[in-house]
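All chains, full assembly: derive it from the sequences and hints.
Line by line, the protein sequences give chains B and X.
The opening residue of the first sequence carries number 1 in this note's numbering; numbering runs sequentially from there.
The opening residue of the second sequence carries number 1 in this note's numbering; numbering runs sequentially from there.
Source of the hints: derived by calculation from the structure; they are not laboratory data.
Some clues are possibly wrong.
Simulated DEER-style distance windows between Cβ atoms [said to hold, decoys possible]:
id: 1; chain 1: X; residue 1: Pro-206; chain 2: B; residue 2: Asp-251; range: 42 to 48 Å
id: 2; chain 1: X; residue 1: Pro-244; chain 2: B; residue 2: Gly-67; range: 51 to 57 Å
id: 3; chain 1: X; residue 1: Gly-33; chain 2: B; residue 2: Pro-125; range: 26 to 32 Å
id: 4; chain 1: B; residue 1: Gly-294; chain 2: X; residue 2: Arg-252; range: 25 to 31 Å
Ideal Cβ positions, reconstructed from N, Cα and C, are used throughout, including at glycine.
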Amino acid sequence: MVKPVKTRGLADAIAEYVEDGMTVALEGFGHLIPFAAGHEIIRQGRRDLTLCRMTPDLIADQMIAAGTVRKLVASFFASGSAGSLHEVRRRIERHDPEPLEVEEYSHYGMFCRYQAAASGLPFFPLRSYAGSDLPELNPQIRKVEDPYGGAPVHVVPALAPDVTVVHAQRADRYGNVQMWGIVGAQQEVVYAARRAIVTVEEIVDEEVVRSDPNRTVIPAHAVDAVVHCPGGAHPSYVQGCYDRDNAFYRDWTPISKEPARLHAWLAEWVYGVPDRAAYLAKLGDHWPAAVAVGERLSQPVDYGRRLA
Amino acid sequence: MTVIPTSEPDDSVAVSSTEFLAAVAARELAGKGRVFAGVGLPTLAVDLAKRTVNPFLELVYESGVCGAHPEGMAEGIADSVLVSGADAVVSMQALFGYVLQRGNVDVGFLGAAQVDRHGSLNTSVIGDWHKPKVRLPGSGGAADIMPNAGECIVVLRRHDPGALPAQLDFCTSPSPVRARASDPRAVPPGHGVATVITPLGVLRRPDKFGELELAQVHPGVSVQQVRENTGWDLAVAHEVTETPRPTREDVRLLREEIDTVRLYLR
Numbered sequence: 001m002v003k004p005v006k007t008r009g010l011a012d013a014i015a016e017y018v019e020d021g022m023t024v025a026l027e028g029f030g031h032l033i034p035f036a037a038g039h040e041i042i043r044q045g046r047r048d049l050t051l052c053r054m055t056p057d058l059i060a061d062q063m064i065a066a067g068t069v070r071k072l073v074a075s076f077f078a079s080g081s082a083g084s085l086h087e088v089r090r091r092i093e094r095h096d097p098e099p100l101e102v103e104e105y106s107h108y109g110m111f112c113r114y115q116a117a118a119s120g121l122p123f124f125p126l127r128s129y130a131g132s133d134l135p136e137l138n139p140q141i142r143k144v145e146d147p148y149g150g151a152p153v154h155v156v157p158a159l160a161p162d163v164t165v166v167h168a169q170r171a172d173r174y175g176n177v178q179m180w181g182i183v184g185a186q187q188e189v190v191y192a193a194r195r196a197i198v199t200v201e202e203i204v205d206e207e208v209v210r211s212d213p214n215r216t217v218i219p220a221h222a223v224d225a226v227v228h229c230p231g232g233a234h235p236s237y238v239q240g241c242y243d244r245d246n247a248f249y250r251d252w253t254p255i256s257k258e259p260a261r262l263h264a265w266l267a268e269w270v271y272g273v274p275d276r277a278a279y280l281a282k283l284g285d286h287w288p289a290a291v292a293v294g295e296r297l298s299q300p301v302d303y304g305r306r307l308a
Numbered sequence: 001m002t003v004i005p006t007s008e009p010d011d012s013v014a015v016s017s018t019e020f021l022a023a024v025a026a027r028e029l030a031g032k033g034r035v036f037a038g039v040g041l042p043t044l045a046v047d048l049a050k051r052t053v054n055p056f057l058e059l060v061y062e063s064g065v066c067g068a069h070p071e072g073m074a075e076g077i078a079d080s081v082l083v084s085g086a087d088a089v090v091s092m093q094a095l096f097g098y099v100l101q102r103g104n105v106d107v108g109f110l111g112a113a114q115v116d117r118h119g120s121l122n123t124s125v126i127g128d129w130h131k132p133k134v135r136l137p138g139s140g141g142a143a144d145i146m147p148n149a150g151e152c153i154v155v156l157r158r159h160d161p162g163a164l165p166a167q168l169d170f171c172t173s174p175s176p177v178r179a180r181a182s183d184p185r186a187v188p189p190g191h192g193v194a195t196v197i198t199p200l201g202v203l204r205r206p207d208k209f210g211e212l213e214l215a216q217v218h219p220g221v222s223v224q225q226v227r228e229n230t231g232w233d234l235a236v237a238h239e240v241t242e243t244p245r246p247t248r249e250d251v252r253l254l255r256e257e258i259d260t261v262r263l264y265l266r
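Structure follows, in structure tokens:
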């Protein structure tokens with residue numbers, strides 16, 4: 001069998017795999033957040049998605065404001081130093097302009113959902129939630145007896161997205177994906193999904209990947225499409241490539257506070273650009289100068305080679 | 001802003017409420033091994049602790065970073081400065097499962113909108129669950145940290161009956177008391193909240209199944225004032241001490257070496 005080349009354009013990959021009403025996970029735990037893919041989903045006018053993200057971040061605020069999302073499955077509803085996600089809050093607190101269905105977990109609970117699906121299991125146990133109101137609010141969190149006679153534990157059901165999108169530093173054209181820094185739930189959420197799209201800063205030669213196989217977090221067999229998308233995680237960051245755009249995150253709070261400003265922002269920065277390259281060009285001198293990072297190389301390791 | 005002088009009697013430097021809370025919290029980390037740190041006030045406190053009372057404190061973050069040695073101040077729990085130069089960056093299963101749930105975290109450092117008498121926390125909603133007055137950030141890792149960390153320290157920026165109510169609007173992260181009440185077999189391994197630091201004093205909970213009691217009052221605060229600002233009939237420890245003021249060096253480190261851009265120091 002010929003090894004399939006999986007490189008695709010972002011618009012093509014989203015158009016082929018993401019349909020209205022699907023459950024879609026866009027993961028990246030404060031790092032490697034797939035903003036470019038989120039914006040492409042908005043541009044293609046997808047509707048009624050169930051969006052899964054442990055830390056919704058600005059991308060969820062933007063996708064919800066654009067009318068893309070019917071339900072949010074998450075474990076944290078703010079944005080680190082940026083504070084509140086005001087579109088999320090308006091939907092939940094005032095049902096403005098309409099309610100948002102929310103399914104809420106703790107971080108480990110959400111992660112265990114991906115891990116169960118990634119492992120082909122129906123559910124996963126964890127030692128959280130005893131005495132918490134979370135299981136009452138979210139009946140998907142259930143308590144079961146330990147069949148081996150220990151104390152009862154709570155379990156969460158497998159979460160298998162129809163499509164997962166993650167971002168990474170690099171991949172080869174077959175879809176062997178390498179990442180470093182905070183890897184979040186990326187491996188689990190890709191294996192959990194029916195289809196997986198990975199956007200990367202760089203497509204590298206197969207030999208580069210195979211020179212350091214431990215760094216391949218997602219092997220090609222779990223990937224359906226690999227997309228060359230430099231700057232695809234801005235305003236979040238990519239370890240060793242560019243830093244988090246903290247100024248942008250701070251600017252988001254006043255933008256998201258006012259629906260009119262938020263919609264003007266979407267019109268200009270999402271609907272108003274055809275793709276990520278145009279978005280980066282529009283950032284002008286800001287990109288990449290404002291988020292550039294210095295070098296801090298790892299020491300190479302020696303995998304060795306058997307002598308004949 | 002509450003302004004409190006430093007410990008040196010001849011010193012005219014005034015300390016802000018944030019600086020005071022960070023310095024008090026830092027001292028609580030003396031002798032502790034591994035701390036699960038959040039962002040904001042905990043960032044200041046763990047950094048100050050490492051530079052003063054506990055140089056070997058190991059910083060663990062829910063993003064997977066273990067043994068962080070940041071060259072600059074972190075703006076989030078997933079900041080790139082926490083990754084560069086760290087002892088380890090592990091997977092999420094390793095962090096929440098092996099490091100935390102297996103019992104390798106000594107202290108969890110948490111914030112909350114509400115704390116009750118047993119140290120249960122609300123970080124989810126104020127008001128009606130289904131149409132809340134305020135939608136708070138939710139659990140994040142807090143509901144996982146509470147049962148599994150050896151003990152938890154909570155820092156509150158307010159001390160009034162709204163923040164310390166008789167009844168939580170919602171219990172996100174339960175105390176061992178609530179866990180046991182839900183099922184006597186479900187007693188968590190951790191102590192739950194051992195210490196609550198507020199702008200008025202320090203409450204402690206020496207017994208895993210006991211109530212918080214007032215152990216320290218900050219300079220210029222009376223026991224009566226703390227009790228009046230608490231939503232339940234707050235127990236008072238046998239001996240109540242006055243919280244030592246931050247030292248001049250604490251303040252210098254916070255301003256000139258830790259938060260030079262005044263991100264968290266306001």
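Quick check: which numbered hints come out false for this structure?
No numbers; nothing is violated.
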